[in-house]
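Those sequence lines, one after another, are chains X and W.
Just so we're aligned, residue 1284 is where the first sequence starts under my numbering, counting upward by one.
Just so we're aligned, residue 66 is where the second sequence starts under my numbering, counting upward by one.
Worth flagging that the hints you see were computed from the coordinates, not collected in a lab.
One should not assume that every hint holds.
Claimed, not checked - Which residues of chain X face chain W? A few of them, derived with a C-beta cut under 8 Å, are:
#1 1322
#2 1323
#3 1325
#4 1327
#5 1331
#6 1332
#7 1334
#8 1370
#9 1373
#10 1377
#11 1379
#12 1382
#13 1383
#14 1390
Unchecked claim - Here are some chain X residues pointing at chain W (derived, C-beta under 7 Å):
#15 1284
#16 1315
#17 1345
#18 1387
#19 1389
What the hints assert, rightly or not - Restraint ranges, calculated between C-beta atoms of paired labels, are given here:
#20 1324(X) / 134(W): 24 to 30 Å
#21 130(W) / 1345(X): 39 to 45 Å
#22 123(W) / 1345(X): 44 to 50 Å
#23 77(W) / 1352(X): 45 to 51 Å
#24 123(W) / 1311(X): 16 to 22 Å
#25 1362(X) / 75(W): 33 to 39 Å
#26 147(W) / 1365(X): 39 to 45 Å
#27 118(W) / 1299(X): 36 to 42 Å
#28 77(W) / 1336(X): 36 to 42 Å
#29 77(W) / 1339(X): 41 to 47 Å
#30 1324(X) / 81(W): 46 to 52 Å
Here a beta-carbon is modelled for each residue, glycine too, at the ideal position from N, C-alpha and C.
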Amino acid sequence: AQSVTQLDSQVPVFEEAPVELRCNYSSSVSVYLFWYVQYPNQGLQLLLKYLSGSTLVESINGFEAEFNKSQTSFHLRKPSVHISDTAEYFCAVSLNSGNTPLVFGKGTRLSVIA
Amino acid sequence: KAGVTQTPRYLIKTRGQQVTLSCSPISGHRSVSWYQQTPGQGLQFLFEYFSETQRNKGNFPGRFSGRQFSNSRSEMNVSTLELGDSALYLCASSPSPIQHSYEQYFGPGTRLTVT
C-alpha cells in the first residue's frame, strides 16, 4: 500500500523568504501526486498535481513542486512567501491505475512571519 | 457552479448518540468520498460512493456507514458515538470514479464534537 511522509510538521518562515515543504512517498507502482492547502476552518483546496509528463508542476499563486521518481519525492517550493500563505499543506498520493482513494501525509503547518 | 456543500457545519453530540452528516456534491459530479481529519491521525479515508454503490471502504469500524442517493447526494452515519470520533469530516466529489483518482473537490467539512 502507498504511504506519504511529510518530514516537517511545522515550518516558520519570514515574509518574502523562500520555503520548501518536503514530501516523500512510498509505492510499488506508478502514482499521482498532489499538494492540497487548508486554511483555518475550511476544507482542502487543490494547489497542484502531478499526473504525467513534465516533472515540474506549478500553481497559479507561485508554488511549484517537482516529481523526483528516483528519490520518491514531491517537494513543494515557493521563492517568496506572503502572510496569506499561512496555512496547513498536505501532500497526497493515489495510484494511477484508478479506483483508489487519496492517501494523505500528516500535514505541514506553514507560518509566515511578518 | 456551486461547490461541495456539507451540512451541518458544526455539531455537538454526546457519547452513545448517533449522528448523520450530509454532503451535496458539485452539480454533475457522481462520485463522493468521505474523509475523517483528526490532529492525531491526520486525514483518513472512510468510503467512496458512485451510483449509489460503495466502491471503496477505509479501515473504520462498522459504526461508520454511508449511503448515496440517486441525485448523488451522500450521507454518512456514525452510531454509538465515542469521544475519539470528534473530528472534521470532509466530503469530496468528482465527475466519475476514474477522475476520482486525480480530481477531487472538497467541501468545508462538518466539525463534530463528542462530549
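Indices of hints not satisfied (ascending):
Of the numbered hints given earlier, those the structure breaks are 1, 2, 5, 8, 15, 17, 22, 27, 28 and 30, listed in rising order.
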